[in-house]
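There are 2 protein chains.
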Amino acid sequence: MSDPVICGVDFDDFVISMEEFHGYRSPGILFGGLMIEASLHELGDTPYLNVVTETVVCLPDAVQLLTPCTIGNGFLQTIDWGKFALTCYDRLSLLGVRVWMNPDALGGYPLVRQWFERSSHKKEKLPFEALAAEIIVAAKEAISQRPVHLHRSLKESQSVPTGRCPGCGESYPLHLGPACPACGDQAYYFYQTPTK
Amino acid sequence: MSDPVICGVDFDDFVISMEEFHGYRSPGILFGGLMIEASLHELGDTPYLNVVTETVVCLPDAVQLLTPCTIGNGFLQTIDWGKFALTCYDRLSLLGVRVWMNPDALGGYPLVRQWFERSSHKKEKLPFEALAAEIIVAAKEAISQRPVHLHRSLKESQSVPTGRCPGCGESYPLHLGPACPACGDQAYYFYQTPTK
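Sequence lines, in order, name chains A and B. Here the first sequence stands for residues 1 to 196, numbered as in the working numbering. Here the second sequence stands for residues 197 to 392, numbered as in the working numbering.
For the record, the hints were derived by calculation from the structure and aren't laboratory data. Predicted model only: the values in this text are computed from it and were never measured. Careful: at least some of the hints might be erroneous.
Unchecked claim - Cut-off 30 Å, straight-line C-alpha distance, at most; resulting in silico cross-link-like pairs (BS3-like, lysine-lysine): (1) Lys125/A / Lys351/B; (2) Lys125/A / Lys336/B; (3) Lys155/A / Lys351/B; (4) Lys125/A / Lys140/A; (5) Lys336/B / Lys321/B.
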């Protein structure tokens, strides 16, 4: 069987690009690429493509490698639900196709199943080549899809008024409150200034 | 003045890569690249580099273009605070350097100020070349920085037990509750299946 073309990208080039961007050859990005391919094929012509992933793991990088949608340009959104699923949609029509991995379809694909279920076991390193070959075949059975209609576009299209935070003096969106989140009670991740 | 090298990337190559990845030449990504450069320069050798941005606009793409950190590999986190700031840190030592744009330093840089304050006005298209030239000079004055000590690493390093959702049958992280978020009350963004 010849290697597939995924969203217009040759398999070998896709593997190289994921190594460069993501840091390693990722089964999740390969499967994600096949999911995006399936979604876009079903969706058809989509002049205003947006994507939302339901996990922050791997799938966002597949989207960023294969579509014009990135986190920083706002056309890719991520929701941290830990679900191996994504939706490509048109932000004007709000019509989309959600695609996901169907675990019931993995019976004949032991490596894919082992990889997909790894999160509940000790993580084992599976050989990428063999796993990739199985993923390419399994994808036809294991990618489920259905059309969806979003309630609203997830991309912020309105600019918001900003002002200076009375605490730190930095600019922030005024609708967030009288002080910026970093000066309020949301500074949960940092900081103290290190003491020498 | 010669064009700068930003995180080891020639200015011209950086502009090309941002057009390819982000979709257009972005002043925010250019300024963000100079912020990353400043943070890494101050931080020094960082074998376990992670980055957190305090906005989802532009800065995440600067990080993904110039460092090994991406959304999908978990080394880049974004916090949607609408603040033009980011922190590079070492996820083992938890020592980092936060960098941000100081609006008080923009007095001598009318284009940069106009661009940075655009969110509160009607968005105007500024000429990229002139703005970029001003950004490169302004960065030396307008990037503020301070060392920070994070309370914890933001990258999830533990795998979590997963199981089947009784609603949809898909896999999800069991700690999120008895059903997956998409089947619970968090399905705020989608879906109804479109009616024909």
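### Task
Go through the numbered hints given earlier and state which of them the structure violates, listing their numbers in rising order.
Per hint list: single violation, 2.
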